[in-house]
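Read off the chains here:
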Amino acid sequence: MTLKCRIEAALFVIGKAVTVEEIAEIVKAKPEEVESELLDLLMDYSSRESALEIDDENGYIIQVREEYKDIVEKLIPVELKPPVLRTLSVIALKEPLRQSSLKELRGATAYDHIAELLEKGLITRKKDKNGRSFILKTTPKFAEYFKLKGDTKALAKILDLNKKTSKTIVENEETEGFSGE
Amino acid sequence: MTLKCRIEAALFVIGKAVTVEEIAEIVKAKPEEVESELLDLLMDYSSRESALEIDDENGYIIQVREEYKDIVEKLIPVELKPPVLRTLSVIALKEPLRQSSLKELRGATAYDHIAELLEKGLITRKKDKNGRSFILKTTPKFAEYFKLKGDTKALAKILDLNKKTSKTIVENEETEGFSGE
Amino acid sequence: MDSNVLKKRSDLEFGLEENINTFQTDDKAVDGIEILFEMAKSGKIDPWNIDIADVTDKYLQKLVELKANNLKLTGRTLFFAALLLRLKSDVLEGINVFEEKPEEAQFLDEISDFEEDSESINYNNVISLDEVLERRTSVRLYKNRVVTLEELVKQLEFYEKIDRRLALRNKQKKSVGKYRSYENFTPEDIINMAHDEYIETSVSKIQQSLEKLFETDSKIELNELIDAGMDKVSVYIALLFLASRSRIDLVQDEFYSDLYIVQEINNTV
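Line by line, the protein sequences give chains Z, V and S. Residue 57 in numbering that gives the first Met the number 0 sits at position 58 of the first sequence, and the numbers go up by one each step. Residue 180 in numbering that gives the first Met the number 0 sits at position 181 of the second sequence, and the numbers go up by one each step. Residue 31 in numbering that gives the first Met the number 0 sits at position 32 of the third sequence, and the numbers go up by one each step.
Derived by calculation from the structure, the hints in this document are not laboratory data. Since we're looking at a predicted model, the values are computed, not measured. Don't take every hint at face value.
As the list claims (entries may be wrong) - Sample of chain S residues at the chain V side, in silico, Cβ under 10 Å:
1. 126
2. 128
3. 130
4. 131
5. 132
6. 133
7. 135
8. 136
9. 137
10. 138
11. 140
12. 160
13. 163
14. 256
15. 257
Claimed, not checked - Derived DSSO-like pairs: lysine-lysine, alpha-carbon spacing no greater than 30 Å straight-line:
16. S:170 / Z:136
17. V:140 / V:119
18. V:102 / V:152
19. V:102 / V:3
20. Z:27 / V:73
21. Z:80 / V:27
22. S:160 / Z:93
Quick reminder that beta carbons are idealized off the backbone N, C-alpha and C, glycines included.
The following block holds chain Z by itself, in its conformation from the complex:
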């Protein structure tokens, strides 16, 4: 039971960048001691062959090294909150979709969502031929997330749903509630 290990446990559990003082409070030790042990821990991580590292840029955090980020992305496709995700879903389903239509479907907050989705590179926004309105589309990056994890079954299912008659789908919706979110 060393202080270094207690700090390591705390960093693992917290999972976000924390200050020396915050750690000190959790492990009940002096900040100076914690800082010195943190440096030691940082060295340990950097010297061994591991996918993990301790970052000390904006507070201390245990994280996956840059080289292995693809695995993180695969497992965490997008850090999107449910409302943003819903907006993305609508765009994906109805693309190419006019920005004005999206607003009708999702309300005015959709504009913020568009900004976030553009920033994450999941959608594009382009003027239509007449230059009058914006057209939204998903990007190859979005498609990549869908293909990942080999979840082709789910995707195929969605495509099938498209083809099927609307009758059954609507019926199902009435009986089962949506459990997402």
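Assemble the complex: chain Z is given as a structure, and chains V and S must be docked to it using the hints.
Quick look at chains V and S alone, frame taken from chain Z:
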């Protein structure tokens, strides 16, 4: 970029117990290779002075070592009183479990426990097909917070025997104190 | 040694008899171990030199004679006699019998529970209900993830359904709109509608729709055809033509109730 590190990154990000096959799919490698690297990784973790370890009991998972459990409890407390925990144990052992069966096993106070467990998102309660009785199950959140220990099958069987001979657990509860935590 | 043992045996017999009698007259329940213990203490038996077969034989015999029916007591006495023998053999093998033996304690527990219906459960790995749930130490406060791929797919499926529903509703609205616009028909429209060509187009259109619908249903409600995109009047006129050609039958259970279309018997559409 070694396979071992890719596996480590995957385990770190997933944060729940996974099978060799699941890991193999994520890191795109053969299950045999993954298994051998996993063993190697497990040895690495156990041989170094670290607060972390790889558990291989019910699937592979990176976790904090038993000695540093207090830090986990401090940062993410699970505030369940012993009788409620016991009710949760019974549900976990026998799921899917009818609410009426639970009442037989745990007495009428189980209803209050169910309410608390539902509220904490550790169990779900759904009507069965006939819509006549409630079926209780644990949630993914439960799996994230708890794991079952020991010969759970035998214990589930003993619970049934106890019910049959009407020597209920409730009786035992009066006499023995709670030893967990 | 032989004579010694023999002597002890006779002592033992006597002792047992004495103790069992005591037991019988005593109001308090006495355990078999106490009988043996007392006998050992009073030197009537040598705990390190017991002929277990003889002891139990005699003991059982006595119990039968006394018509004692406490099988539990008998069982216990047998068990403890065996335990004494075990201690004896341990001593002979040079094992320190005074050391604590956890397995033995467990064994004792099992024996004391022997009258319970325990079927064939292996208790070795069974732990108490209080210990069965172990707190995981892999939980993290802030996991990077907010949404997984699976959740994304779920959301898409959900919106797929909503989308379908909206599309259906729009379709219905459209047909309702057409029906209403019938009120605004000009005389010219009505003349055109009565035109042979117009009627024939409607008839073949409706016939096609019916063929499809009859694949799954034998009885079709008029409104189902209207949903297909034609106005009510045109549909009705087309149906009258089909009925007069004996392609279909029009059925109405009551005046002003729903109108159904069924296939004419012996005829396909």
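Against the structure, the hints:
1. Nearest Cβ of chain V to the Cβ of residue 126 (chain S): about 4 Å, under the 10 Å cut. The hint holds.
2. Below 10 Å, beta-carbon pairs count as interface contacts, and residue 128 (chain S) has one with chain V at about 5 Å; its hint therefore holds.
3. Checking residue 130 (chain S) against chain V by beta carbon gives a least distance of about 6 Å; that is within 10 Å, so the hint holds.
4. Checking residue 131 (chain S) against chain V by beta carbon gives a least distance of about 5 Å; that is within 10 Å, so the hint holds.
5. For residue 132 (chain S), the suggested interface contact is upheld, since its CB lies about 5 Å from the closest CB of chain V, less than 10 Å.
6. For residue 133 (chain S), the suggested interface contact is upheld, since its CB lies about 5 Å from the closest CB of chain V, less than 10 Å.
7. Hint on residue 135 (chain S) holds. Least Cβ distance to chain V is approximately 6 Å, under the 10 Å limit.
8. Taking 10 Å as the C-beta contact cut-off toward chain V, the hint placing residue 136 (chain S) at the interface holds, the least distance being around 4 Å.
9. Hint status for residue 137 (chain S): holds, given a least beta-carbon distance of 4 Å to chain V, under 10 Å.
10. Look at residue 138 (chain S): its Cβ gets to within about 5 Å of chain V, closer than 10 Å, so that hint holds up.
11. Nearest Cβ of chain V to the Cβ of residue 140 (chain S): about 6 Å, under the 10 Å cut. The hint holds.
12. Because the closest C-beta pair between residue 160 (chain S) and chain V is about 20 Å apart, greater than 10 Å, the hint is violated.
13. Hint status for residue 163 (chain S) relative to chain V: violated, with the closest Cβ pair at about 25 Å, above 10 Å.
14. With a cut of 10 Å, the hint placing residue 256 (chain S) at the interface with chain V is violated, because the nearest CB-to-CB distance is about 32 Å.
15. Given hint, residue 257 (chain S) at the interface with chain V, is violated; its Cβ is 30 Å from that chain's nearest Cβ, farther than 10 Å.
16. With a C-alpha separation of about 26 Å, the suggested pair residue 170 (chain S) and residue 136 (chain Z) falls inside the 30 Å cut-off, and the hint holds.
17. Restraint check: the Cα-Cα separation between residue 140 (chain V) and residue 119 (chain V) comes to about 9 Å, which is no more than 30 Å; the hinted pair holds.
18. Restraint check for residue 102 (chain V) and residue 152 (chain V): satisfied, since their Cα atoms lie roughly 20 Å apart, inside the 30 Å limit.
19. This hinted pair does not check out: residue 102 (chain V) and residue 3 (chain V) have alpha carbons roughly 48 Å apart, beyond 30 Å.
20. Taken as a hint, the residue 27 (chain Z) and residue 73 (chain V) pair is honoured in the structure, with Cα atoms around 12 Å apart against an allowance of 30 Å.
21. Proximity of residue 80 (chain Z) to residue 27 (chain V) is assessed by CA-CA distance (about 28 Å); at most 30 Å being required, the pair is judged to hold.
22. Pair hint residue 160 (chain S) plus residue 93 (chain Z) holds up; C-alpha atoms about 13 Å apart against a cutoff of 30 Å.
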